[in-house]
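J.: Chains D and R, in that order, give the protein sequences. Under this note's numbering, the first residue of the first sequence carries the number 4, and numbering increases by one thereafter. Under this note's numbering, the first residue of the second sequence carries the number 4, and numbering increases by one thereafter.
Worth double-checking, as some hints may not be accurate.
To be verified - Which stretches of chain D does chain R cover? Using the computed rule of at least three CB atoms under 8 Å from a CB of chain R, they are: (1) 73 to 87; (2) 111 to 125; (3) 210 to 222; (4) 301 to 307; (5) 378 to 384; (6) 406 to 420.
Just so you know, these hints were derived from the structure itself, not from any lab. Note that the structure is a prediction, hence the values are computed from the model and not measured. Here a beta-carbon is modelled for each residue, glycine too, at the ideal position from N, C-alpha and C.
Listed below, chain by chain, are the residues.
Protein chains: 2
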Amino acid sequence: MAKDKKFVEEITPRSEDFAQWYTDVVKKAELMQYSSLKGFMIYKPLGYAIWENIQKNMDAMFKETGVENVYMPLLMPESLLKKEAEHVEGFAPEVAWVTQGGIQPLQERLAIRPTSETLFCDLYSTIVQSYRDLPKVYNQWCSVVRWEKTTRPFLRSSEFLWQEGHTAHATAEEAEARTIQMLNVYADFCEKYLAIPVIKGRKTDKEKFAGAEATYTIETLMHDGKALQSGTSHNFGDGFARAYGIQYTDKNNQLRYVHQTSWGVSTRLIGAIIMVHGDDSGLVLPPRIAPVQIVIVPVMQQKEGVLEKAEELRQQLQKAGFSVKLDDSEKSPGWKFAEAEMRGIPLRIEVGPKDIEKEQVVMVRRDNRKKVFVPMRELTERAEQLLEQEQEDMLARAKDFLNSHISDAHTYEEFKDAVANRPGFIRGMWCGDEACEDRIKEDTTATSRCMPFDEDTIDDKCVCCGKPAHRLVYWGKAY
Amino acid sequence: MAKDKKFVEEITPRSEDFAQWYTDVVKKAELMQYSSLKGFMIYKPLGYAIWENIQKNMDAMFKETGVENVYMPLLMPESLLKKEAEHVEGFAPEVAWVTQGGIQPLQERLAIRPTSETLFCDLYSTIVQSYRDLPKVYNQWCSVVRWEKTTRPFLRSSEFLWQEGHTAHATAEEAEARTIQMLNVYADFCEKYLAIPVIKGRKTDKEKFAGAEATYTIETLMHDGKALQSGTSHNFGDGFARAYGIQYTDKNNQLRYVHQTSWGVSTRLIGAIIMVHGDDSGLVLPPRIAPVQIVIVPVMQQKEGVLEKAEELRQQLQKAGFSVKLDDSEKSPGWKFAEAEMRGIPLRIEVGPKDIEKEQVVMVRRDNRKKVFVPMRELTERAEQLLEQEQEDMLARAKDFLNSHISDAHTYEEFKDAVANRPGFIRGMWCGDEACEDRIKEDTTATSRCMPFDEDTIDDKCVCCGKPAHRLVYWGKAY
Numbered sequence: 004m005a006k007d008k009k010f011v012e013e014i015t016p017r018s019e020d021f022a023q024w025y026t027d028v029v030k031k032a033e034l035m036q037y038s039s040l041k042g043f044m045i046y047k048p049l050g051y052a053i054w055e056n057i058q059k060n061m062d063a064m065f066k067e068t069g070v071e072n073v074y075m076p077l078l079m080p081e082s083l084l085k086k087e088a089e090h091v092e093g094f095a096p097e098v099a100w101v102t103q104g105g106i107q108p109l110q111e112r113l114a115i116r117p118t119s120e121t122l123f124c125d126l127y128s129t130i131v132q133s134y135r136d137l138p139k140v141y142n143q144w145c146s147v148v149r150w151e152k153t154t155r156p157f158l159r160s161s162e163f164l165w166q167e168g169h170t171a172h173a174t175a176e177e178a179e180a181r182t183i184q185m186l187n188v189y190a191d192f193c194e195k196y197l198a199i200p201v202i203k204g205r206k207t208d209k210e211k212f213a214g215a216e217a218t219y220t221i222e223t224l225m226h227d228g229k230a231l232q233s234g235t236s237h238n239f240g241d242g243f244a245r246a247y248g249i250q251y252t253d254k255n256n257q258l259r260y261v262h263q264t265s266w267g268v269s270t271r272l273i274g275a276i277i278m279v280h281g282d283d284s285g286l287v288l289p290p291r292i293a294p295v296q297i298v299i300v301p302v303m304q305q306k307e308g309v310l311e312k313a314e315e316l317r318q319q320l321q322k323a324g325f326s327v328k329l330d331d332s333e334k335s336p337g338w339k340f341a342e343a344e345m346r347g348i349p350l351r352i353e354v355g356p357k358d359i360e361k362e363q364v365v366m367v368r369r370d371n372r373k374k375v376f377v378p379m380r381e382l383t384e385r386a387e388q389l390l391e392q393e394q395e396d397m398l399a400r401a402k403d404f405l406n407s408h409i410s411d412a413h414t415y416e417e418f419k420d421a422v423a424n425r426p427g428f429i430r431g432m433w434c435g436d437e438a439c440e441d442r443i444k445e446d447t448t449a450t451s452r453c454m455p456f457d458e459d460t461i462d463d464k465c466v467c468c469g470k471p472a473h474r475l476v477y478w479g480k481a482y
Numbered sequence: 004m005a006k007d008k009k010f011v012e013e014i015t016p017r018s019e020d021f022a023q024w025y026t027d028v029v030k031k032a033e034l035m036q037y038s039s040l041k042g043f044m045i046y047k048p049l050g051y052a053i054w055e056n057i058q059k060n061m062d063a064m065f066k067e068t069g070v071e072n073v074y075m076p077l078l079m080p081e082s083l084l085k086k087e088a089e090h091v092e093g094f095a096p097e098v099a100w101v102t103q104g105g106i107q108p109l110q111e112r113l114a115i116r117p118t119s120e121t122l123f124c125d126l127y128s129t130i131v132q133s134y135r136d137l138p139k140v141y142n143q144w145c146s147v148v149r150w151e152k153t154t155r156p157f158l159r160s161s162e163f164l165w166q167e168g169h170t171a172h173a174t175a176e177e178a179e180a181r182t183i184q185m186l187n188v189y190a191d192f193c194e195k196y197l198a199i200p201v202i203k204g205r206k207t208d209k210e211k212f213a214g215a216e217a218t219y220t221i222e223t224l225m226h227d228g229k230a231l232q233s234g235t236s237h238n239f240g241d242g243f244a245r246a247y248g249i250q251y252t253d254k255n256n257q258l259r260y261v262h263q264t265s266w267g268v269s270t271r272l273i274g275a276i277i278m279v280h281g282d283d284s285g286l287v288l289p290p291r292i293a294p295v296q297i298v299i300v301p302v303m304q305q306k307e308g309v310l311e312k313a314e315e316l317r318q319q320l321q322k323a324g325f326s327v328k329l330d331d332s333e334k335s336p337g338w339k340f341a342e343a344e345m346r347g348i349p350l351r352i353e354v355g356p357k358d359i360e361k362e363q364v365v366m367v368r369r370d371n372r373k374k375v376f377v378p379m380r381e382l383t384e385r386a387e388q389l390l391e392q393e394q395e396d397m398l399a400r401a402k403d404f405l406n407s408h409i410s411d412a413h414t415y416e417e418f419k420d421a422v423a424n425r426p427g428f429i430r431g432m433w434c435g436d437e438a439c440e441d442r443i444k445e446d447t448t449a450t451s452r453c454m455p456f457d458e459d460t461i462d463d464k465c466v467c468c469g470k471p472a473h474r475l476v477y478w479g480k481a482y
């Protein structure tokens, strides 16, 4: 047991130093590691498998709404990136530039995509002619590069994996509807698969995307009380269409500009899973997204019949559709338990000689570590029940945590007190003046996270300047 | 019907100009288009969906053999790329270089990965310490950049999509076994999913991968008689391990170098599908890889009940697990037929008022265009039968084509005559001297494709120089 303890002891307790705990979990659960190039990460098998499951399930949701996947070039000429002024201004400081291809220096330098708005615009300008060609609802899964000075696994790095959807529509209404539709897909996905509740809302102009008319966001709350922007959906109006000349003839043969949207989520979602659900024993993965849902640990596996029975159970569970692993390595059971907990496997099944005699197994949920004895004949039904309940409980706990970490502030004193003493979101009215956002950020480091949908006002004065205000804002410190 | 004819007439007949036919199919079937950056392609929805299906099915085959997916950085420092001399020599002329990140020029220039051997070596040198850490069997799906002067959709471009597997093993035997295992996975995949038979064999030293001890290949034959290298698997021995310092301690506590392999296939496979199966009406997709397997075309769709019945059939087929599309657009049925053929949809179902009256539908296979009347109550069974038969027939036809396009040459005169007059592979003995390969290439443009497994010799003299020879080589013009 000494060894097992050591395994766990290598993680800093979450309450002691959240940032160090996060780094420890990423490392010990073998999710990711730094490469020899600063800011560039290596997604290891478990980290990448989580991303694959996110992709698979979200992509199915996309396709149900009519999304088609494409793949656009990695590089774009500088002149193409520069066509939309606000957009290039937003991204230029972060772009990696290619200046030589093969043995020849290039005549024009090329940007590695920091995002692909400009490439999609270029494509749409060539393939959209008539209203019959609309809408175009394309998406791609790829990596993008944005040169970052400070990096943190999954949350901020110079290269990251994401999806970026880019659409073109005949009307402003249709574009707005698609923007909201995709935000809702993100919100539903987070709740259903990741067991993470979200706050949906609109970004202030200060926080919106470079070149967008409106940016909508899902904001999630980490266990340390900091917010994580977890997905965004942008309505571009016809701004890009005008810059890139994307026009179509409508039914009356009139030439019109298209209206565009874009929307994306990234591997930040893996950061959210870690920071919402993880505990002092490591990762806790929601069953619906876990690459391995069940681990079987044989106890006294050298005894006759134990490994055979464990393998029989593994096959039975696999046949029933679970992703299951039998850990028949030479480590001690305690070590295997600790390792499986570190890697967040939702359900552990123990089986030893005594269990076999009694025709039972032990099932232990990862989230609450509750042990139950289950007759072998009920193996698959009970595994399914426990995993479903675990998924449900994880969401319920995350919802409770979120709801108990939202506080209202009516005055600036209350606001500053909340930022200092009550981790989480702070609801406060805002007059609409960017100066108040700036002041709040300077005084407290909190930023406006979003103006929520469907919420009443809680006051009629700006929480910062006291002037009349009718916009409710969720504020918070954020990653 | 005039319109429908026009739709098809835009393709050059395959027999008239194969290269132009290929380009026309790629364009008219909307598989891909050029971006505004020379050499960089846009994978459109149909082209990308075929790649997604290749990925999905091949990835499942990989995982059955124990492969784990990871994601490695897009960029690597020049010093890292340069550690293995032969390797860097092979790739340096094709590398795209990043010299600026954000607003700062970089101190060391960075290569966009042309392949990721060096990154995996760097990783393995940090995570492999003991024999217990072996084997490592990692793979990634990504894009790579190799600056090309001439480009051709799917076959050659400056950026392309692929997978690259990289493994590290304790022994030379295990590495060799993995190299051959993955080549067999590729061969099986091509036969089973793409209905494309392959020739398996080993590359000569002249044609092997930069830095490899041995390169194995699957070679396929296109309809114009040219060969396409469709997948390769390399055994690196311990060469990279020595250059990058990848060592482990064995069971006897001895420090040893690992033995490595790498293996890859790319979107070239899509080129192979087009050029093996396509015809003068466009693409012909094998049912197991087709993004849409069945298209339903309503006839006289304005008549009451036709669209409703068509939709009912669509749902029935979808429920049975087929990927099915109902084309209820306002185009004429003839136009829809031509479009569905162009896009290679394996099975077309027509249903009109008379069919509804007779409770039947018309089913038309894409490959042979045979029409059958099918009672509606047998809809799903017959669709399945027809698709299975089509998949089988496509493979059988491709096999016949391959076998009837292999000729033997015993003298150099016979060889030159075969290259000039008999499209396909030429089997000829080789003495092992690179000078003969060079001469053959210069005289005929044919190259050594591979030294096949499990084949007898057909002569005892080199087909080029006449000296003693005991190696049989498949020669051919190639893409």
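J.: Taking the hints in turn, state whether each one holds.
T.: Here is what the structure says about each hint:
Here's how the region 73 to 87 of chain D fares: 9 of its residues keep a CB closer than 8 Å to some CB of chain R, so the rule of at least three is met and the hint holds. For a cut-off of 8 Å, the count of residues in the region 111 to 125 of chain D with a CB near a CB of chain R stands at 5, and the three-residue condition holds. Remark: the region 210 to 222 of chain D is not confirmed as covered by chain R, as 0 of its residues place a Cβ nearer than 8 Å to a Cβ of that chain, below the required three. Note: the region 301 to 307 of chain D has 0 residues with beta-carbon separation from chain R under 8 Å; the three-residue rule is not met and the coverage is violated.
Beta-carbon proximity to chain R at under 8 Å applies to 0 residues in the region 378 to 384 of chain D; the threshold of 3 is not reached and the given coverage is violated. Figure legend: the region 406 to 420 of chain D, annotated as covered by chain R; annotation inconsistent (0 residues with Cβ-Cβ distances under 8 Å, at least 3 required).
Of the numbered hints stated above, those contradicted by the structure are hints 3, 4, 5 and 6, listed in ascending order.
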